[in-house]
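Spelled out, the chains give:
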Amino acid sequence: MPDAADWTTGKDALNYQACRACKHIFYIRRAFCPQCGAGEPETKTASGRGVVYAETLVHRAPVPEAREHVPYKIVLVDIEEGARVMAHGTLDLKIGDRVVAGYRPFLGGLVPLFGKI
Amino acid sequence: MSFITGVGLTSFGRREGCSTLDLMSMAAESALADAGLARRDIDGILCGYSTVQPHIMLATVFAEHFGIQPQYAHAVQVGGGTGMAMAMLAHILVSSGVAKNVLVVAGENRLTGQTRDAAVQSLAQVGHPVFEVPLGPTIPAYYGLVASRYMHEHGVTEEDFAVLAVLMRDHALMHPGAQFNEPITVAEVMASKPIATPLKLLDCCPVSDGGAAFIVSRDDASRHGVKVIGAGQAHTHQYVTTAPALSDLGAGPALARASEQRGIAIKNVRYAAIYDSFTITLAMLLEDLGLAKRGEASARARNGDFGVNGALPLNTHGGLLSYGHCGVGGAMAHLVETHLQMTGRAGHRQVKDASLALLHGDGGVLSSHVSMFLEQV
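Each protein sequence line maps, in turn, to chains A and B.
Numbered according to this note's numbering, the first sequence spans residues 1439 to 1555.
Numbered according to this note's numbering, the second sequence spans residues 91 to 467.
Hints are not guaranteed to be accurate.
What the hints assert, rightly or not - Sample of chain B residues at the chain A side, in silico, Cβ under 7 Å: (1) Ala208; (2) Ala214; (3) Leu225; (4) Leu235; (5) His242; (6) Thr287.
Treat the hints as calculated values from the structure; they're not laboratory data.
Heads up, the beta-carbon is just placed ideally off N, CA and C, and yes, glycines get one too.
I would like the entire structure built from these sequences, with the hints used as guidance.
Following this line, the structure appears as structure tokens:
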């Protein structure tokens, strides 16, 4: 597997992958391209800029440890490189907002937190 | 060719002291009796899964418990689409001669067999373990994301969703087995506590105990069989993060595959049984399937079209939203109710004409779709 250091491993970065063969851009990391099957996709670090595609404000936490954080906003963001990512967002975010990623600790890990540019 | 020859359904809600196997057995016993079959007549068993009793071989666990030694048996897992996927597989098994009578059964003590936190937590695992679950989403949050986008693209409102919750509750009031038996209003849905915006408590199906079963047969000895005349599936993604555009979800393709075998026109459908885990799910599926124009599912509901006396009765038992949702058995209740309607046995809920029914289930976050058409014999 390629270098996977980003928020999913505790580093303040957001990575995506690009297929060297068919140029497909994707977010959920794997060792091959899900579109054409070619191996060794390139792992790249995103600029962090994007546009909000969807948003929800979570009032009912899935686990007791998350209760102190409610309400928190979860967003789907289309990053400018062409992938869609799920992340936290500031409470004011609406669909179509131009946003940039920051990071914050959450449930023992680090998660991306998008805010308006 | 195959027929659904018998159905069984427990009441949903709190079934204190009932295990997964108890609820499966109750539903199976009812379905056998309804079909006029004995245990020895069953040569195939398909069952769903139980989140409170996970097992690597649930179908044979059940078969041994219930007292059947089938020629063919295994469990099936397609999330909320499991019930309809099992109906489709049973149809294929029977049509191809592998089995004569397939018992399809599911049940789960999902409400009383665990804490509510455990239920919410286990269901959220349908998301991606690395890229989604650490963000603290819930199933309502995944659907809340979809709902926000649907509202944005099609101009539907939270009141539109609320109308569908009221419709399902109105229907549940006519069924003694339903989990909820208090009427609700649009204002009450709107005022119910927020879960994951725009979804509020009454936009969400409950967690229930319950069981459901049906029998798919090569021959209709019951004399009240209904015929399976088409089935199809579509699976576009697993995670909401990787879902295609709203216009490219799987309901349409699944429907097209189910329709093509007999060239069925959607306008001829007289009864609809549509998966309704959330009000947004029901609104989207009704519109994706062409049972309402885009953005107009609630307008049809307001017009009375989906009522027992309407042009297209829908989920007349109350659906997942108000009959209840015990996991795999939840959507199977839709099929049980459809069978009762098609065979004139729905009592005071009986619709005038259920000669052609469309059933549709989805699993994940609109990830897996199964459509099926049933026809009166």
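Checked hints:
1. Ala208: violated (10 Å)
2. Ala214: Holds - the Cβ of Ala214 (chain B) comes within 7 Å of chain A, reaching about 4 Å at its closest.
3. Leu225: holds (5 Å)
4. Leu235: holds (4 Å)
5. His242: holds (5 Å)
6. Thr287: holds (4 Å)
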